[in-house]
Amino acid sequence: MKKSVKMLVALVIIVVVGIGGFAMHQHKEKEKMIAIATSEEAKKVYEDKFRREDALALTEKGVIRSYCIDENSLEYNPMGGLMVRVIVNQDSKSYINFNLIDNGDDTYHSAYYVISAKLDRLLVGEK
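Residue numbering for the sequence shown follows full-length UniProt numbering, starting at 1 and increasing by one per position.
Hint data in this document are derived by calculation from the structure and do not stem from the laboratory.
Glycine included, every Cβ here is placed at the ideal spot set by N, Cα and C.
Fair warning: there could be bad hints in the mix.
What the hints assert, rightly or not - Derived CB-CB ranges, DEER-like:
1. ALA23 x ASP48: 32 to 38 Å
2. ILE13 x CYS68: 40 to 46 Å
3. THR38 x ASP105: 17 to 23 Å
4. THR38 x VAL5: 46 to 52 Å
5. GLU47 x SER92: 16 to 22 Å
Unchecked claim - Dumping the calculated SDA-like pairs for lysine to any residue here, alpha-carbon to alpha-carbon at most 25 Å:
6. LYS43 x GLU60
7. LYS49 x ILE36
8. LYS30 x THR107
9. LYS43 x MET79
10. LYS93 x GLU47
Turn these sequences into a full structure, and let the hints steer you where they fit.
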């Protein structure tokens, strides 16, 4: 009986340590994704796209006045890159999704963009 209890305790400890290690790995990966998505090089990609869509972007006269990265949306794309949702003007229904790809020289580009329907309507002048 004592031997089986020791085995059970050892098994529980191994499982708990394994789950803790996995959780720590997940946390480190999330921190790495946040660092990439909020980096100055990534911000250049976002702001270049904003200015292509709205010549007055990031000014008081522009449709796109401000933005923030939705850290809860960050995930790796199985085909490569980091998928990032950038919320525009603090409106969760106005956003652009980016797929950030590392160029290998600490710069990024986006493989594609997806503009939300609401933001698209604002950009073309509809209300």
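Handout entry: Outcome of range test on Cβ distance (THR38, VAL5; 46 to 52 Å)
Key = 49 Å, holds
Handout entry: Assessment of proposed distance window 40 to 46 Å (beta carbons of ILE13, CYS68)
Key = 42 Å, holds
Exercise for the section: Sort out whether THR107 lies within 25 Å of LYS30, counting only the CA atoms. Expected result: 20 Å, holds
Practice task
Confirm or reject the claim that GLU47 and SER92 have a C-beta distance inside 16 to 22 Å.
Solution key: Holds - the Cβ-Cβ distance for GLU47 and SER92, about 20 Å, lies within 16 to 22 Å.
Practice task
Decide if the proposed pair is consistent with the structure: LYS43 and GLU60, CA atoms, cutoff 25 Å inclusive.
Solution key: 19 Å, holds
Problem - C-beta pair THR38, ASP105: status relative to the range 17 to 23 Å that was hinted - result: 19 Å, holds
Exercise for the section: Decide if the proposed pair is consistent with the structure: LYS49 and ILE36, CA atoms, cutoff 25 Å inclusive. Expected result: With a Cα-Cα distance of about 17 Å, the restraint between LYS49 and ILE36 holds, given a limit of 25 Å.
Handout entry: LYS93 paired with GLU47 [C-alpha distance capped at 25 Å]
Key = 19 Å, holds
Exercise for the section: For the pair we were handed, LYS43 and MET79, check the Cα-Cα distance against 25 Å. Expected result: Roughly 22 Å separates the two Cα atoms, so the pair holds.
Practice task
Check the following: the C-beta atoms of ALA23 and ASP48 are separated by a distance inside 32 to 38 Å.
Solution key: About 36 Å separates the Cβ atoms of ALA23 and ASP48, which means 32 to 38 Å holds.
Every hint from the earlier list agrees with this structure, and none is contradicted.
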